[in-house]
Structures are given as structure tokens and as C-alpha cells.
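Visitor: Given the coordinates of chain C, work out where chain P should sit on it, guided by the hints.
As you go down the protein sequences, you meet chains C and P in turn.
Mapped onto this note's numbering, the consecutive letters of the first sequence carry residue numbers 139 to 463.
Mapped onto this note's numbering, the consecutive letters of the second sequence carry residue numbers 791 to 1134.
A portion of the hints provided could be inaccurate.
[Claimed, not checked] Calculated cross-link-like contacts (lysine to any residue; reagent style SDA-like; alpha-carbon spacing at most 20 Å): (1) P:969 <-> C:304; (2) P:969 <-> C:307; (3) P:969 <-> C:184; (4) P:969 <-> P:867.
Worth flagging that the hints you see were computed from the coordinates, not collected in a lab.
Take a look at the letters that make up each chain.
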Amino acid sequence: MPRGYWAAGLALLAVAVVLGVAGGAVSLSPAAVLAALAGRGDAPTLAIVRDLRLPRVALAALVGVALGGSGAALQGVLRNAFAEPYLLGVSGGAAVGAVLAVAAGLTAPAVLPLAAFAGAIGAAALVLAVARAAGGGADVRLLVTAGVVVGAFANAGVMVALANAPADQVRGALWWMMGSVAGAGWRQVAWLAGYAALALGALVLWARDVDALALGEEPAAALGVDVERAARRVFVAASLLAAASVAAAGLVGFVGLVVPHLARAAGARSHRALVPAAALAGASLVVLADLAARTARAPLELPLGAVTALVGVPFFLARLRGARG
Amino acid sequence: MSRAFPAARRRSRAAGPSPPGAGAPSIATVPFPNWTAVLRFLPCLRAVLVAGACVAAACGRPDARAAGRPSGPAAVLGVDDFGDTVRAAPPPARIVSLNPTTTELLFALGAGGRLVGRTHWDVYPDAARAVADLGDGLRPNVEAVLAARPALVILYASADNRAAAAAFRRAGVPVVALKIDRVAQFAAASRLLGRVVGDSAAGAVTADTVLATIARVRAATAGRPRVRALWPLFDDPLYVIGGGSYLSELMDAAGADNVFGDLPQPSPQVAREEALRRNADVVFSSPAGARRMAREAGWASLAAVRTGRVYAVDSSLVLRPGVRLGEAAVMLAERLGAAAGPVR
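Chain P on its own, in the form it takes in the complex:
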């Protein structure tokens, strides 16, 4: 993985993964500020999306002709997470990526040089910092994105981004909306973006490497006794990793059962007494969170605290469901005492 993505090793440790205000429900999966969104764009959405798809198709076609390909509808590359068809077009020379995960992924696919815009929170790899900061990734500033003159906009596929997707398409800019909350979604996004940027081999290799590494970790921990794990994200109120998060999947591969794995949300808010009742054997946490937990009397009764099994993990490695998912799984397994072998 790190061969495919050398910058990953050199990444700055200073920057925290979640922006101020990324409070809550999406802290682990969508590192954007939380207060953005929309309720009122939903009207007329269907009509606009249909119109937008026509615009996207129409603007893809002349390019295809210019490239000497046969005219007619372009080949289908896949379907994005808003349910829209992604069609073949010449690889876009100017891309705006409005999700830290896809920004990192584009660099891994060798397309980082084509980025002309990113969100405020996309700071991995280091080279991403040199890309123009266009603000938020949820309810993005459409005007600022259009002014970057992208040939493709990659959005996080959350309902509050549908209005922006429609606006980009109205302006003739194709959109790929991707929801990346789970390992499988990351792998699918990697393959699709590989095809979109014209390097499907890189997309497939990145996806396969991540999946193979996680499978290897799972195999290495298969014979070991399972432990029960808690992953608090935010203290007050208490948000934890739930069953809907890729981190629950990584814990599972590393030999730990998430005590809140039964909750479907990626990062539910839970009562502290319930967290105590579910008495985890181990805790994964940010370094600051681990220190707080050791200090606070309220956590003293937790088995993990009593036995000293509160593990601080590198937030920059784990708080994005990105190209380093395999590396993150290896790290979790090693914390739990399993030798999962070197990261490929």
C-alpha cells in the first residue's frame, strides 16, 4: 500500500483529523463540520437530476467525438451513490474533490496533480495542502467550485449534497457522488475513480491491496481469543463507533468485537452508563482521549481501564476510510498483541 502511496508515510502528525465543530454524528466518517446541510433543495430534485444527467451526457459526447471515438452514448463506467450513471469520457484534467477520503484516494491513484480544489479538511497527503481550499464538503460553496473550472466534481454522497450536485450538472460539470463509510464502499469507490481518471488498474490495485491486507489481518487473528472493544470518539456527550462504521469492521478483523456493534449508525451517541454496563476489555481512542480516560473517575470501573488496556491510536491513520485502511487494521491487531505481519 505504501508503495502505491509513498506520501502516506510522510504525513504530518500535527493536524487533528476532525475539524472544530465536527462534533458528532459523523465525526468518524465525514470529517466536515456538522452544521451544514439543506432541507429545501429536495423539491424539484428528480427533474433537475434528470436534466443534469442529460447535461453531463451531452457535454461528454462532443469530447468523445473529438477524441475520435464513435458517437452515441458513452460506455457506462458505473453508478455513483446518488444512483446516477457515470459514463466514460476523456479522463478529466481538472478535478475538484470535496471529501478528504477521495482527495487522498486520488493522490494514491496518481491523479493528485489534476486536483484544482479540495475541502478545508483535506490535508492528507501533505501534497493536498497545496491544492486550493474551497471550503466545506457538505453544502459546498458552488460558486467557488465552479470558479475553479473543474471538468469533474467528486462529492460525498450525503442527501444534503444533492442540491450542489444538481447545481454542478446544471452548469455542465459532471459529478460523481460517493458514500464511503464502509470498507466495501471504499473498495468500490477506488475501482470507480480508477476508471474515471483513466487508470482502472491503479483503482483495482488500491482496492485489492486494502482488502487483501484486511483479510490477512483477519486470518492472523482468527485463532486468538476475541476481546470486547469500545471506541469513544467524543467525550461529552459520548459518541462511540457503532456497527455502521468501517472502524467496527477493522476492529472485527483485528480480533475485537465492538461492544456497540449492534447499533447501525456509524457513530451513535450513547449514554455513559450504557458504555460502562457493556464493560469493554479494551478501548481504542485518540491519545488525548486515552489520557482523559485514565484520569477520569467515571471510567475507573471499566475493565479496560483497570487492566491498562486503553490504546491510543494515531488519529491520522484511522479517522478516514481511505487508502490506509489495511495499515489501520494491522495497527489495531498489533495493539491487541497479534502479529499480523508487515504492511504490504
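If we strip away everything but chain C, and leave its shape as in the complex, we get:
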């Protein structure tokens, strides 16, 4: 990927972050925002800028990093440009794990991603098993169909689990299903950053395997890659990324679908470049989507997942049309 695109990507993220901190439900002058960042100003303004907007923008960026990286790796390993954690049911499985954990009282920011991870891995294994049983683990259409089915099953599971739950828990789960970074705090940011660094680092480390897998199973095996093992561990790392983002912000769809395409359009070919580039683009996309979510109808907030779906679905349809033609 040309160096200019990296610079452009970083510049875009910087602009998104500046807009995200400067904008919000309340309009503050740039001078007031700068003063608050420097620690000057009255208590409400300080709280708005430093305790609400900064962690929120940071969390949104990390959610985008996790989903973008996850999507790029999944698209490579599944040889399917429409693979992404949300469509594959991986995010849905993560949501089931997280909702069950909360219902069981396990809510620590360190533990929640692990419960979500267990749900995500379970859903991923189920998706692969369903696709294989239907006659083609490699058939991308079967895989996506299996993902949609498992995602729907996960949704149903959450709904049944909540049938008799108190109203606040039901509202919580519904909010979760639609995604939001409204409750962002620095502890969540730190935990998501840790999980994202771990899983993204692993994916970059295994990028050569993903490159080989993207060629197909036989060429990959011919190149000396242990196909089963390589595919499995990439899938696990991508699921961990998706799960950590779900634990922090609920279901935010289509980011993992859109940004790898942008990264490829910018010239990223090998996954060593593609995964970080998709992560970078994902960060900008989610920060901007969250800014739209909190300003479009302020003081009411739109669900973040709804905003990303409004962007992602037309993109998905356009790509689908392009792929057929």
C-alpha cells in the first residue's frame, strides 16, 4: 500500500477525532474545548470534554479498529469479500455470551469480553459446522447463510432468556443489540485496547498464512501452510476482536465489511498491510458514525449500530451488484 494512503488514513482519523471531541449534543466553542483539554474551564465543560467525549471517541476508534481488523482477517481466511463478524453470526454469539454473563452477575470489564468471546467462538464453530454439514465449508454462500441463521438463532436465544427479565434488563439487552459507545469510560477503553492489541498483533503475525489461505486451501497447502490450524487460529483471533468490541459497545454491524474494501481500494494487498489498514479505516468510520449518532437528533441519540448499518447496507448491495456483474 502506497505510503501516501497511510498518511491520508492517519490524517482522516485525526480529523475524525478532532470532530468527535469538538462536536456533540452540546455545542461548545473550539476555544472552550481546547481550554478544557488543557484542564481549564468550568466543571461541566471539563466533565463534558474530558470525562464524556474523550473516552467516547477513544472507545469508538477502538471498536472500529477491532471490527476492521476482524473483517479483513475473516474475509481473507474465508476467501469471501462479504465476510464480517456481524453477518457471520460471530457478533451475535458474542452478544449472547455477554448478555448471559450480565444475567449471571459477571460484569467486570475484564471478564465481559471473555464471556462474549466464548459466545463468539461457539457461534463461529457452529457456523462452520453448519456450512460443512450442508456440503461445503469452502462455499462462501453457504457460510454466509449459516452465519445469518446462527445470528438469528442467537437473537432468539437472547429474546427467550429475557422473556421474564425485569424491564431494565430488557432495555439493556435491546440497547446492546443496537450498539452504542454512550457509556464509555477509560477502564473500558483500556481493556478493549489490550484485547485489540493482542488479537490484532496475532493477526499481523499470521498475516502470511492469511495471504496463503486467501489463495485457496490447495495452494495454501502447497505453500507449506497447515491449512486447518492456520485457519482456526486466525478465526479465533478475529472472533476475539469482534467479541471484545461487542463487550464494549454491543452489536455494531457492517464496519468489518466496509473497511477492508476501502483498504483494498487504497492498494493494500498483503494482509500484513490489509489488516492494519482496515483497522485504521475502521477507527475513522466508527468515530464519525458515533458523531452522527449523537448529533443527528440531539439530545436524543441514535443507536450506533443503526448508523453503521445505514452506511453499510447500501455498500453491501453495491458490492454485491459489482460482484455479480
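Guide: Same frame as chain C, but now just chain P:
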């Protein structure tokens, strides 16, 4: 009651009580949209609440000193429904109330003029409409609330509001979280808010008036035969008033036994055939609901429908557990044919 709260009589009839999307489980008790909430704030909550309490106490103290009071921990006014101690401070000059019931109550306590923010759904009394609309009351927009520079935020004490409470306290703004689903909770909230706004007499009078009116209704209906009542809130799926709602208490005072009074939730979702099996003698409903019920063949077998005892009630009067609870009890008793006397 209406002397204490003259605006109550002049309230607009046009606005429905429940917002679009207030679907279900909390339609009667929490008129907010239903899809808001949080699961992930619960972490670190305890630490934050402790820290928040310190912030609240710390910011109360300099004010107390400024007012010439002795320093040291301020007197305890009560405990809110998140279990946090509410301490004495100079009555707050700027209040944000994020619950339609407490907004109405603050006007009744004469503190309506100090409101600088409310939720989208707080439209009673009429004067509340002039207060800035800050959005939702569940998972409120913390940024918008802080920008109103409140000296006190009053929240609905639902678990999904704990994160917001912690955020307000971190920003140095005291919070009182109140859960008002039952008559007794309303009375307790009225007394506590009276003390908080510096007029404990008004808080006590409001609480006592409501309780006395309901007691009088109960006495007036004591000798009458009890009837079995159904109160559907929402048709499809069917949500009804359950035993956890203040409306079940008001029906009881008015001489009716709620057929779903055995369910602990304020507004459970129930199967329609179960509602038919429990065959109520009377139905209370919104005017639109009453018309639908008369029309729909599915309800024709219900005793209340056959005998024409489906009573349309003024939603603006009954769908908040607020200062007009006594008036609502009188109205229900009158619908059932008991003369409960004028509303005080």
C-alpha cells in the same frame, strides 16, 4: 390536592401519556421509551458510587460553610433508591428532573421555577413544557444534562441509570435517584424532595393529602361488594396492570380486585386467553382501548364487555404515579358507582 397544585386542573388533554415506543413492560410506571439502557456500566460501579458520594459531599460542604453553617458532614436528609445518602445542602437553584413524575412533583412543591431540564416526556403540568427538553430519562444524555449546569439531578432509580448517576457525581453534580412505582414510594419521594428543595412542609402535605384521599376512598368503598377488574395497557401483545403497579393499589382502594394482582410485575405481558379466563367484571382502559375492546370479537365473551362495564379513563390522570394519585382513586371509585366525595 388541586389547591396545592392548581396547574393540574388546566392540563392539556391532547398529549397521550406514553411516548411512541414505550411499548411494554414499563408503560404504566416509566413513561420513557423502552429501548434505552445499559449492561456494561455495572463494572466499577461501586467504586465510582463511593467516589461520587465523596464528590457530592465535598461539594456540599463549602456551600454549607458559605451559608455560615458549622462545617463537618452535612445532616442526612434521607436515602435515595440507589441506596445513596442524601445530605443537606442549600436548596439547589438549578434542578434537572429526568422523570415525568418528579417533574410534576417539583411543580407541586413550588420548585418548578428552579427546573432547568426535563425529559422529552415530561409535559405535565403545562408549565413543564417551557423547561428545556433534554431527551430521555433512561440512559439520559449526560452531556446535555451537564450543559444545563444543574446543582441537582433527579433520576428514575432504574439499574440502567446507575452509569448516568455515576457520571453526574464524577462531574460534581449531586444526584437523587427515586424509584416511584407504588403509592408509598410516591409519598416517600414527596417527603424527601420537599426536604431537598427546602420546603419539607410542602413535601409532607403533598404526601399526606394523597395518602388521606386514598384512605378516604378506601373507607367509602369498604361496605360495597368487590368487583374483579382488568386494566389492559397495550393490545398486541397484551400488557396489563399487574400487582406491582400503583394502579393495582388504586383499584383496590376503589373497591376492585385486579384480576392480575397476583403477578408481581407492574405491567406484565399476559396471554389473551388467560385474560378471558380470568373474566373480569369491569375493565379500565384508555378511551381508544375501550372503543377497540367494544369492537373486537375476541373480547365479546368478557363479562365486563357483555354488561357494558368497560370504563374509559383519562390517561393523563392515571398514567403517572404522581400528585394526582388521590384524584385518580376518586375517579376510579366514581366509575364503579361509589360516591367517594369531592377531591380535596
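Visitor: Could you run down the list of hints and mark each one as holding or not?
Guide: Taking the hints in turn, this is what the structure says about them:
Restraint check for residue 969 of chain P and residue 304 of chain C: the C-alpha separation of about 14 Å stays at or below 20 Å, so the hint holds. At roughly 16 Å between alpha-carbon atoms, residue 969 of chain P and residue 307 of chain C fall within 20 Å of each other, so this suggested pair holds. Taking the CA atoms of residue 969 of chain P and residue 184 of chain C, the gap is near 30 Å; set against the 20 Å cutoff, the hint is violated. About 17 Å separates the Cα atoms of residue 969 of chain P and residue 867 of chain P, which keeps this hinted pair within 20 Å; it holds.
When each numbered hint is compared with the structure, a violation occurs for hint 3 only.
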